[in-house]
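Protein chains: 2
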Amino acid sequence: MNNFTFQNATKIIFGKGTEHQVGEEVKKHAGKVLLHYGGGSIKKTGLYDRVVASLKNNGVEFVELGGVQPNPRVSLVREGIKICREENIPFILAVGGGSVIDSAKAISAGVYYEGDVWDFYIGKAEVEKCLPVGVVLTIPAAGSEASTGSVLTNEDGWYKKSVDTELFRPKFAIMNPELTYTLPPYQTACGAADIMAHIMERYFTNTPDVDFTDRLCEATLKTIIENIPIVLENPEDYAARAQIMWASTIAHNDLLGTGRVGDWASHQIEHELSAIYDVAHGAGLAVVFPAWMKYVYKHNVPRFVQFAVRVWNVEQDFHNPERTALKGIERTKEFFASIGLPVTLEQLGAEEERIEEMADKCTAGDTETVGEFVKLNKEDIIEIYKLARE
Amino acid sequence: MNNFTFQNATKIIFGKGTEHQVGEEVKKHAGKVLLHYGGGSIKKTGLYDRVVASLKNNGVEFVELGGVQPNPRVSLVREGIKICREENIPFILAVGGGSVIDSAKAISAGVYYEGDVWDFYIGKAEVEKCLPVGVVLTIPAAGSEASTGSVLTNEDGWYKKSVDTELFRPKFAIMNPELTYTLPPYQTACGAADIMAHIMERYFTNTPDVDFTDRLCEATLKTIIENIPIVLENPEDYAARAQIMWASTIAHNDLLGTGRVGDWASHQIEHELSAIYDVAHGAGLAVVFPAWMKYVYKHNVPRFVQFAVRVWNVEQDFHNPERTALKGIERTKEFFASIGLPVTLEQLGAEEERIEEMADKCTAGDTETVGEFVKLNKEDIIEIYKLARE
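So the sequences go chain by chain: C and B.
Residue numbers for the first sequence follow the numbering used here, beginning at -10 and rising by one.
Residue numbers for the second sequence follow the numbering used here, beginning at -10 and rising by one.
Treat the hints as calculated values from the structure; they're not laboratory data.
Nothing here was measured: the structure is a model prediction, and the numbers come from that model.
Each residue gets a CB set at the ideal place from its N, CA and C atoms; glycine is no exception.
Don't take every hint at face value.
From the derived model, a few chain B residues whose C-beta atoms are all more than 10 Å from chain C [as the list claims (entries may be wrong)]:
1) ASN(-8)
2) PHE(-5)
3) ALA(-2)
4) GLY6
5) ASP38
6) ALA114
7) LEU156
8) ASP198
9) PHE201
10) ALA208
11) THR209
12) PRO218
DSBU-like mimics (lysine-lysine), calculated; alpha carbons at most 30 Å apart, straight line [stated by the list, open to error]:
13) C:LYS16 / B:LYS45
14) B:LYS16 / B:LYS113
15) C:LYS211 / B:LYS211
16) C:LYS17 / C:LYS71
17) C:LYS5 / C:LYS150
18) B:LYS150 / C:LYS211
19) B:LYS160 / C:LYS17
20) B:LYS45 / B:LYS71
21) C:LYS160 / B:LYS16
22) B:LYS160 / C:LYS118
23) C:LYS0 / B:LYS45
24) C:LYS211 / B:LYS118
25) C:LYS150 / B:LYS287
26) B:LYS211 / B:LYS17
27) B:LYS0 / C:LYS160
28) C:LYS211 / C:LYS364
29) C:LYS17 / B:LYS17
30) C:LYS17 / B:LYS71
31) B:LYS17 / C:LYS160
32) B:LYS283 / B:LYS316
33) B:LYS322 / C:LYS0
34) C:LYS118 / B:LYS16
35) B:LYS283 / C:LYS5
36) B:LYS118 / C:LYS160
37) C:LYS0 / B:LYS118
38) B:LYS316 / C:LYS118
39) C:LYS283 / C:LYS160
40) B:LYS71 / B:LYS5
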């Protein structure tokens, strides 16, 4: 177990009807906000009206910027930065899922930076100061409501890059599981894959002696595995929606990663897919993660056996650990397929012809390796994309 | 699952050698501190010297107040309040275990209060403002390093009472598992019982639909159960000490209690024991908790079956759930005994003659009930003390 520092000060306000508290909560920080959101869904469901009413009731002024797309774009972020500067806005309220929150975080950093905000995402500049961000969460998936991360897409070349900084932790996250009742099954399933990937990226580690966080990871994975089929059957099952929503935050606020080095290769390999094909991040992960597992499991068979037995209840073959390990990988893939996700590149709509291009971008022309559990070069990544065809 | 608000901003600085960071960390908050500690153990181990050196290196002035006893006394707290006022001290640094931290929290609240600090503990006044508190932790047990609680003993009548407030969360907690190498086996075991009790108090709930936090509770309990025997065998096993230390914080920072109502009867029943007999809190809990379980398990047999199967790996008897439930309770008691803890009142040195007196104090003369899972009156508590004789 490694030394670590952990502090997650995001205030979680969780449960039925909690969106009505948003004005009161914002007011503790600011009297004027940028109200940032995505497409029309929050207007259709009435959430927009409830948020606006709560802001008005608490005398909070707001300027709107909607239109965040999945895989949020740097162009809209630049627009948000301009508005915040012109209107002297001291707080950003993100109402939506991970894309809206990540976009809000990017705006919050860009406001104080003289250069272009994309500089942060290509490592040309470091985030030193941010506007505070608050969240009303509508999609349990990205974990961005309490995380340090922001992922952004640059349409100019379709690059998808991420920034991690403690300054990106939102001040508060309002989480009402009822708001997720209207999530379509496919989006619910994509969220599940994203949540599970956040845990598995931390779970597959070379750091020894991480018994406690292993168990926390396994507990969180099992919660998702048990509850997703329930909400696909009955989208308005509050209990199951609530388990998923709270687990999604814990999966990515970095408690589960304390004292251990995560891998994150699958995320990077997936980012190339969703940057080119604009597929849902979770769907891409469902295709990539089992392929990555098959490619690397021999690096640490006991860890994959533990994963199979503890997470998937695989009956252990004590005489053939590899068989048990492979069963765990197979169960992971079967689970993704069973909840309606693609598990091959073809199902995802990705073409074999672009594998080399993606592997090349992923490794910056084979000059960098990807991942920590096993350090992968361009050839490795090509092999993983190929395994993802099956 | 109930609505909840959760925010734990305590900064955890975890790992080998981290006590050397204490001066740097304190300096972010204050230039002068009350250095609060217990008996001589931190001087014997050299920790005192390292802390003092780090404070001096960072130009932090300090005034000392040692002498905190297990079951910390209100008299010393009053002395601390006086010193902080006279010396104009803006920050309290607690170096020790739960008793030292709880004493520091009491001082931090008393400084701003005109009346007597004990008023907070008997509900005569509410904590409205506190000095900030920082921690260098030496005993994984009470979880006070990131919790909202403080437990104090009034020698005048030997009352033991607690206060809970978000204001009591320490600013930071420095946690080096190496500092726990010198903990005697009995104290290590008492810590284990305390940690497990913090989890079990939350686990045994009437709140339905708490799958996720159930699993987190189980993961944390199993971590303690697996790692305590390892450190009793080899006190300098860093890996196991580290799992226990981090788990002890998570057990009581209230993540595991989010969205659910805890019980806390066993804690109150135990407080009467340790108030009169001045026994270690953990030892008292090892005696009380299994007796409480035996008394209440019929209230929710499936929950006790889940506890037996998931926490203790009891082979489930599908046709006789009560048998499985009872096996889980028996395993709990056996575990406490196996790590060297008392499991009967007699082993604890408590006399049967005072059972009624303790039950009377616990329920304020049978005018109040204790616990939430099952609300217990004086008669119930007498029965539980009696069960604790066996």
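Quiz item: Is it true that the CA of LYS17 of chain C sits at most 30 Å from the CA of LYS71 of chain B?
Solution: Violated - the C-alpha atoms of LYS71 of chain B and LYS17 of chain C are around 34 Å apart, more than 30 Å.
Outside-interface status for GLY6 of chain B - nearest CB in chain C farther than 10 Å: violated, 8 Å
>> So if I understand the rule, the pair passes when the alpha-carbon distance is 30 Å or less; does LYS118 of chain C with LYS16 of chain B pass?
In response: The given pair, whose Cα atoms are some 22 Å apart, holds under the 30 Å limit.
- Is the Cα-Cα distance between LYS150 of chain B and LYS211 of chain C 30 Å or less? violated, 38 Å
Q. If you draw a straight line from the CA of LYS211 of chain C to the CA of LYS118 of chain B, is it 30 Å or shorter?
A. Judged against 30 Å, a Cα distance of about 41 Å means the pair is violated.
**Assertion that ASP38 of chain B lies farther than 10 Å from chain C (Cβ)** = holds, 21 Å
Sort out whether LYS17 of chain B lies within 30 Å of LYS17 of chain C, counting only the CA atoms.
-> Holds, at roughly 24 Å.
Notebook entry, point to check: Do the alpha carbons of LYS17 of chain C and LYS71 of chain C lie within 30 Å of each other, as the hint requires?
Noted result: holds, 24 Å
**Q.** Separation of ALA(-2) of chain B from chain C, once the least beta-carbon distance is taken, above 10 Å
**A.** The claim breaks: ALA(-2) of chain B does not keep its Cβ more than 10 Å from every Cβ of chain C (closest is about 4 Å).
### Task
Sort out whether LYS160 of chain C lies within 30 Å of LYS283 of chain C, counting only the CA atoms.
With a Cα-Cα distance of about 39 Å, the restraint between LYS283 of chain C and LYS160 of chain C is violated, given a limit of 30 Å.
- Are the Cα positions of LYS17 of chain B and LYS160 of chain C separated by 30 Å at most? Holds, at about 21 Å.
For LYS211 of chain B and LYS17 of chain B, compute the direct alpha-carbon distance and say whether it is at most 30 Å.
violated, 37 Å
In this structure, the hints that do not hold are numbers 1, 2, 3, 4, 8, 9, 10, 11, 13, 14, 17, 18, 23, 24, 25, 26, 30, 33, 35, 38, 39, 40, in rising order.
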